[in-house]
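Colleague: Under the numbering used here, the first residue of the sequence shown is numbered 64, with each subsequent residue one higher.
Hints are not guaranteed to be accurate.
[Claimed, not checked] Distance condition first, Cα-Cα at most 20 Å in a straight line; then the derived SDA-like pairs of lysine to any residue:
hint	residue 1	residue 2
1	K161	P150
2	K120	I156
3	K105	T169
4	K195	A71
5	K120	I103
6	K195	Q137
7	K195	Q184
8	K195	Y208
9	K161	E107
10	K120	G163
11	K236	D84
12	K195	P206
13	K189	Q133
14	K166	L111
15	K189	R99
16	K241	N207
Source of the hints: derived by calculation from the structure; they are not laboratory data.
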Amino acid sequence: MINRPLNAISNSGNIYRLSYDPKKESEHILNLLKERLDTIYKREEVLLAVLPQGSYKYTFRTVTEPYLNQFQNQNHLNQFLERTVIPILQQLIAQIEKIGGVKVQTEYIETLNEALPILEQYVFQKNIESRKSLYSKIINLYPNYQSWNLSTISLHLLHSSLGKGVVLLGMRKEEYVKDATFSFAASETEIQYQDWKQFEV
64 MINRPLNAIS NSGNIYRLSY DPKKESEHIL NLLKERLDTI YKREEVLLAV LPQGSYKYTF
124 RTVTEPYLNQ FQNQNHLNQF LERTVIPILQ QLIAQIEKIG GVKVQTEYIE TLNEALPILE
184 QYVFQKNIES RKSLYSKIIN LYPNYQSWNL STISLHLLHS SLGKGVVLLG MRKEEYVKDA
244 TFSFAASETE IQYQDWKQFE V
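Given only the sequences and the hints, what does the whole structure look like? Please build it.
Modeller: This is how it looks when you write it as structure tokens:
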């Protein structure tokens, strides 16, 4: 059974999504998402001005911005939001209602509702970008994969190492099926097995 993009399990036990495509560089998307987050952080600062100085310790910005580039996957982010961010925000929302009134509280909630999907998208794009180093290692050893995406390369490396077999493709998009058929139709790569150690994630 093959699901695409493929996932790998890292040494730490985390799921590592093999979904990097050099033709779809995400750096400019990351910059745009960071700009949108910065705008939201500034708006939060304005809204929190209704609270007395020193009446709160953490904000959405202070508990998310330092960790933007550290989330290993979406599940990691979701756990962090559930355990750390949301309890802090609930306290802030209650404080704002008590001191600033319902209008300011509503504005703050709307700001947070706008921020969370952007944060999720930023983490998603950052994780894709982080696959670039693995992609570069593989291309360095096997330059014939130069124009392939990481998921198709991974599938082909597995195919080359395992040889012939029967595969059930579980895929949602025609693009994924085309990637897989292309991968299986290509000539097998002669793999140096010592190279596998370099591909650990």
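Colleague: Each of the hints needs a verdict: does it hold here or not?
Modeller: Tested hints:
no., hint, result
1, K161 x P150, "holds (17 Å)"
2, K120 x I156, "holds (14 Å)"
3, K105 x T169, "holds (17 Å)"
4, K195 x A71, "holds (15 Å)"
5, K120 x I103, "holds (19 Å)"
6, K195 x Q137, "holds (18 Å)"
7, K195 x Q184, "holds (18 Å)"
8, K195 x Y208, "holds (14 Å)"
9, K161 x E107, "holds (17 Å)"
10, K120 x G163, "holds (18 Å)"
11, K236 x D84, "holds (16 Å)"
12, K195 x P206, "holds (15 Å)"
13, K189 x Q133, "holds (9 Å)"
14, K166 x L111, "holds (13 Å)"
15, K189 x R99, "holds (15 Å)"
16, K241 x N207, "holds (19 Å)"
In the structure shown, no violation is registered for any of the earlier numbered hints.
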